[in-house]
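Colleague: Going line by line, the protein sequences match chains L and C. Remember, the numbering used here sits 705 above the position in the first sequence when you count from 1. Remember, the numbering used here sits 39 above the position in the second sequence when you count from 1.
Keep in mind the hints are simulated off the structure, nothing from the lab.
No more than 27 Å apart at the CA atoms, straight line, and that leaves these computed lysine-lysine pairs for DSS-like: (1) C/LYS103 / C/LYS56; (2) C/LYS107 / C/LYS90; (3) L/LYS783 / C/LYS147; (4) L/LYS716 / C/LYS147; (5) L/LYS716 / C/LYS75; (6) L/LYS716 / C/LYS77.
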Amino acid sequence: GAGVSQTPSNKVTEKGKYVELRCDPISGHTALYWYRQSLGQGPEFLIYFQGTGAADDSGLPNDRFFAVRPEGSVSTLKIQRTERGDSAVYLCASSSPSGGTGELFFGEGSRLTVL
Amino acid sequence: SQELEQSPQSLIVQEGKNLTINCTSSKTLYGLYWYKQKYGEGLIFLMMLQKGGEEKSHEKITAKLDEKKQQSSLHITASQPSHAGIYLCGADSPRGSGGSNYKLTFGKGTLLTVNP
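With these hints in hand, go ahead and build the complete structure from the sequences.
Modeller: Rendered as structure tokens:
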């Protein structure tokens with residue numbers, strides 16, 4: 706597709722379960738970002754990939770959160786032992802290598818609900 | 040850390056009216072981004088400002104960054120129902136301070152409702 710694709714769009718899970726959220730960036734975009742948006746808040750930075758490597762993971766809240774991008778394209782955000790406080794919309798974005806306007810292209814997000 | 044405060048938190052206007060949304064930073068802004076978000080959708084890029092006094096326009100939306108680079112405003116002229124949504128300002132960190140120019144700090148957003 707032409708835009709950033711995220712799956713699933715909605716995920717309901719029970720406390721303590723493991724979840725994976727997938728992001729398929731725009732073709733050719735080497736930079737990929739994960740943000741988390743809680744209700745009534747702006748998005749908060751989680752992690753930034755340049756190619757296959759995590760260039761900046763300073764926003765990951767704790768070691769239950771992990772993200773990979775093994776082939777430099779699709780990325781998976783993994784959350785272990787989910788807690789109710791993890792409920793939020795997880796947004797993925799990508800950007801072109803040339804930088805341009807600095808625009809990040811966001812997906813529609815994956816809404817995670819932990820019961 | 041940098042904090043962005045947006046005002047108002049929410050705004051209801053009649054179609055055709057002008058409106059302004061403000062974004063104030065606790066620190067000097069090195070890059071200020073305006074995004075729009077509709078419920079259930081991702082963020083849509085509107086504009087980026089970098090220079091003090093800079094002003095950019097796209098269709099009926101104008102964004103300005105003040106000379107001191109600590110405040111930005113977004114002005115919509117002759118609002119339409121299609122302008123409704125959440126407007127978010129985001130700021131990047133200056134390079135050399137350990138920040139990435141894409142590690143944005145966002146405000147909480149301004150919810151705009153335009154009544155026909």
